[in-house]
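Asks: Sequences listed follow chains B and E, in order.
Counting in my numbering, the first sequence runs from 5 upward without gaps.
Counting in my numbering, the second sequence runs from 5 upward without gaps.
A couple of the hints might just be wrong.
Any copy will do: because identical chains look the same in the list, a pair fits if it lies in one copy or spans two.
[Claimed, not checked] Here are the simulated EDC-like cross-link-like pairs (lysine to aspartate or glutamate), alpha carbons at most 20 Å apart as the crow flies: (1) 24 to 371; (2) 236 to 89; (3) 236 to 284; (4) 348 to 209; (5) 309 to 55; (6) 419 to 396; (7) 184 to 84; (8) 184 to 371; (9) 76 to 109; (10) 64 to 319; (11) 24 to 361.
If you're looking for bench data, these hints aren't it; they were derived computationally from the structure.
Number of protein chains: 2
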Amino acid sequence: MNKYSDISNGISNYMVEVGKRARAASRIISCAETRDKDAALLAIATALEADEMSLIAANKLDMEAGKALGLKPALLDRLELTSKDIREMVQSLLEVAACHDPVGEITELRYRPSGIQVGRMRVPIGVIGVIYESRPNVTAGAAALCLKAGNAAILRGGSEAFNSNHAIAACIQQGLAISKLPGDAVQMLGTADRSAVGDLIRMSEYIDVIIPRGGRSLIERISRDATVPVIKHMDGICHVYIDDRADFNKAIAVAYNAKTQRYGTCNTMETLLIAEGISEQILPVLVQMYRDAGVEVRGCNQTCKFLSGIKMAIEDDWYTEYLAPILAVRVVKDIEEAISHISKYGSSHTDAIITQDYGRARRFLREVDSSSVMVNASTRFADGGEFGFGAEIGISTGKLHVRGPVGLEGLTTLKFIVIGDGHIRI
Amino acid sequence: MNKYSDISNGISNYMVEVGKRARAASRIISCAETRDKDAALLAIATALEADEMSLIAANKLDMEAGKALGLKPALLDRLELTSKDIREMVQSLLEVAACHDPVGEITELRYRPSGIQVGRMRVPIGVIGVIYESRPNVTAGAAALCLKAGNAAILRGGSEAFNSNHAIAACIQQGLAISKLPGDAVQMLGTADRSAVGDLIRMSEYIDVIIPRGGRSLIERISRDATVPVIKHMDGICHVYIDDRADFNKAIAVAYNAKTQRYGTCNTMETLLIAEGISEQILPVLVQMYRDAGVEVRGCNQTCKFLSGIKMAIEDDWYTEYLAPILAVRVVKDIEEAISHISKYGSSHTDAIITQDYGRARRFLREVDSSSVMVNASTRFADGGEFGFGAEIGISTGKLHVRGPVGLEGLTTLKFIVIGDGHIRI
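Hey, can you work out the whole structure from these sequences and the hints?
Replies: Dropping the structure here:
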């Protein structure tokens, strides 16, 4: 770990110091050569591999403290750092190093009537604050993405993972030192004090964007109080709409996969919408498959009418992200009603239509205002890896700057460049 | 004007009603055909032309009230609506209509190893709140850009231009009605009450982004209080750096143009930086030209040493956006010191280097973190029209979502689209 800024003068002074160091480091890292950034990533990976034992020992301290505090098993599960987790961290660092460097890319460079050339250059955002809970592997993943995209990062992990995060941060510092990049390019906050977060999200002078990763309450609190822009990931209330012109087998396959492939992920389908005309043909088969997989189905009036033993869904169900083997099912008249339902109850995350009808596929793609809109594909594909980003720092459900999975490109911005040869404006 | 939402139940209820109407209208306008949006723009232009007399009469009321209130001449000047202003408004509507529609454009649609195709579709942001001062022509310009980009707009003009703005808004309503687009797609607030702005900038549920146009204090107040994201335009402290490998004639031409072509614009040069090695050759000529044009020069120690009669610049000068015929001049050692100066004192708006040196041009483009970075061209080119956007709603000095001149594309965002044929995630 780099020498911490001095914390003895109070949290606020400490945070300003951290902010200043980050800003200074960002100027250097923003112009670092790709080769040097990649060397740092590889050196960090090497350090993590070499320090496996001490990482696990540090994690053990957190696990014991967590158990003593009575943390829930699910939380302890996310907190635990195994050899396998470390191997995956190393792997993800190598993947980020292998990604093409987005910084400096020039696009749309065109001559204007005045004779100047105007184009856009992709540049780092600057300083990124990442606030996250439990999972210590976020430390390495977030640092790697920020670094490769030329940003300085200020990391604030959960207090329950303090020892694990700082052990990983020490490896990051080793990697930065070896590749001669500034240690302040990745700073892990040296305090578990809550007021540090309050300062972090309001230091517009030193921080350009905040990325919170955690539960809904964390993100809501940060969004409410932050004056620094926030790239946030709220609920994933994802829908699959099976149109009456859907192919039977594709509909079954996609609707089954979207729910059962994994339950706890944000891109899992939470509500199935199905056109009236095809519902009696498809629902009996599909619901039986869900039941066999242990999924509880909650149906609308119409669903309950022709399928027995289904729990009736209440209004709240349409608004719920279950993150569990529960599925709400609603029969709708047509695509019109499906789009209305998604617009009213959805969270603009990921929604899919299953149809063989060209016009309806085209309409759904255009009219559904979600970060990922799909035709004949499982909502589970909404993922940085599947989209080809190599890695993601989160999924944005906001509309500005970046929507959907946020990879390297989402951590950059565009500036204009103008090339002339003594041109003046007349 | 469309029938106002009911204001008798208090401002907050009124604002929620405005927000709901805007959200509902945005769903329709976001999927409107290009043809219909363009027809609306042309119909608005026709209505403005036809209503010239009543627009000028309404403006007269504002001007008289303004004079009675003792508004400053500069403010009255911005408030006045002449026949020429109306012709220019009409012209800018025609230009926006002629622009290519960015909505729905699909880019980067590529096959992934899983067999799905993943691409991005450009879509409207949703509902845009525009808060502006004095100039009534912003009413038509902002409405046109929001409309063409498929967004609903809520406009809040200055109270001093109330009558003028509402006369223009009436023409907008005529145009929307003729082309069968929802009248609520452009709402002009029916109140001059200040608390309406406070509500507007915090209605995240109904409004996706706020664009303030006005003086620094307006923008600072809005940025501080808004919970809705703000696309803001702060100072333009623009620099031209004349390198010691600059071409003499190009340096003189660009540095003269960047200051004197217009004084009150944000892309006007406010500080001239010049390399030591070329300063004694260039400064005497250039400073004489500035003086002949009536520009007051404030110089650093070194400038004052070899040029007589120059006022000494103080630290504050380097931070100042004069918007007037005043120029700060500083002699620097080299490009390194020039970039440091820009990074410390600049506002990340527009900065230019004048050089014939390939490596230094390349370095300046990469290292200067401003929304527009230029080589051998006047900073006055940083403008939506010059960059080829047809029109601009402002210039963003923020880093997220959009930097520099904001045209139609800046009023849109990107969603992911996924095209499969029954693909599931394994």
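Asks: Next step is simple, just say for each hint if it's right about the structure.
Replies: Hint check:
no., hint, verdict
1, 24 to 371, "between (44 Å within a copy, 19 Å between copies)"
2, 236 to 89, "neither (25 Å within a copy, 42 Å between copies)"
3, 236 to 284, "neither (39 Å within a copy, 53 Å between copies)"
4, 348 to 209, "between (38 Å within a copy, 12 Å between copies)"
5, 309 to 55, "neither (60 Å within a copy, 60 Å between copies)"
6, 419 to 396, "between (23 Å within a copy, 16 Å between copies)"
7, 184 to 84, "neither (32 Å within a copy, 60 Å between copies)"
8, 184 to 371, "between (49 Å within a copy, 19 Å between copies)"
9, 76 to 109, "neither (46 Å within a copy, 47 Å between copies)"
10, 64 to 319, "neither (44 Å within a copy, 54 Å between copies)"
11, 24 to 361, "neither (56 Å within a copy, 33 Å between copies)"
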